[in-house]
Amino acid sequence: SLYLLTWFQHLKNHSSKRRRRLKERILSKLILVFAAVALIPGAWAEPVKVRLRRALTAVEIQAMNLKLTGLSAESPVVPVAAITPRLESIRIRFKPTKSGIPLWKIRYRDSKQTVETQALPLEIRGEVMRLGLEPVPRHLKLFPREDGRIDVITELDVESYLSGVVPSEMPASWPLEALKAQVIASRSYMYSLMNERQGEHFHLEASVFDQVYSMMNEVLTNRHHRETIARAIRETKDLVLVGKDGEIIRSFYHSDCGGQTEEPDRVWGTGSTLGTVKDPSCPLSPHGLWTYRISRKELGERLARYLSWPASDLFMSVEVVDRSPSRRIGELRVLFAGGQAQLKAQDLRRILGFSRIKSTNFQFHWGADDLIIHGRGYGHGVGMCQWGARTLAGRGLDHQKILKHYYAKARVVPLAEVGGWSAKDLKKKARSGNRAISL
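Taking this note's numbering, the leading residue of the sequence shown gets 75, the next gets one more, and so forth.
What the hints contain is simulated information worked out from the structure, not anything from laboratory work.
It cannot be assumed that every hint is accurate.
[What the hints assert, rightly or not] Keeping only pairs whose Cα atoms sit at most 30 Å apart, straight-line, the calculated DSS-like set for lysine-lysine is:
hint	residue 1	residue 2
1	169	215
2	311	123
3	478	311
For clarity, every value in this text was computed on a predicted model and none was experimentally measured.
Go ahead and model the full structure; you've got the sequences and the hints to work with.
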């Protein structure tokens, strides 16, 4: 380039010693510039692919200036677009084809027109778009599933994604330092899954199965709350949690630990050790104590269905197999007249509802003909306790200290330092003289 030619001409006019010094300084700066791009894995540079809905039999969309793009069924290389300049409602289904590229059938509600197009994925763009009744981003991708159903994906930049996640996971009215801790935990969790799910058509679920994302929360109507969330994201830009190996950790978090956090392997049977902590700092949580009742008949039916147990076999009872040091139940034994089966307590939460069995830290006893469960805390208990973070922020702790409290074995670093040299390392390499530097 003209810049390089000018630089080399400039070098010719200097003595050998001055030329060498100038070359080293320029090389040092070039290394730092290129490293900012080269050291970030490809998965982290791409958009965040969020699965908004999964396994839909049909997709209902409403939008202004609706536009669908794909490949024509008659001529697979010819682009086809269906465009409308006004508010339109459509219903989308698909049929598999021998080519492997599905044939999508788009039914326009008002005009009763049906458009067919072939695409993988089918891309939809529009203004003021709704998926069902929920506002969604203006660009969606529809992917067919082997079971004949449809996944709906959107792609977001990191800031937009976090803007929709943080207020969905933690109230925007909470202290700024607690929100900053939440941003870093959510960003770390996001990058961890983006790295793990490279090559898949989505990175994260927009639900409690990963992190709750809602565009409604991304565009908060309360201006003060919106500015607070934006500030929390801006002032922690690119900060992530890493473990001793320097890799970004799966930074789990939950609503209320009930007094002590838990290790991932105790909940899911796998996962790196994050460290646990006794945490009396969440006494204001409305989920501190809770109770749930269910009839023996209904419980037996649900358990038999989940365990694929014969419906004719009489359900008898449940027993605790083990508890962790935090008093959370790990395994349960389900007793039927004709045998027994093991069940993870976390799966019992899934069966009966996470909002009903709020944690696995519970006791139970039988009433006349129902099971009465008394528990404490809300969530799996792994990682950061959000109500605890709120209390700690209220006491004056900053986000770094809050994160250190809950992720004792992790540290907060800029993303550029993950999986490669830090800026300090790069400067040291650049000072090493004229030896070749491999990036």
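Structure versus earlier hints - violations, ascending order: none
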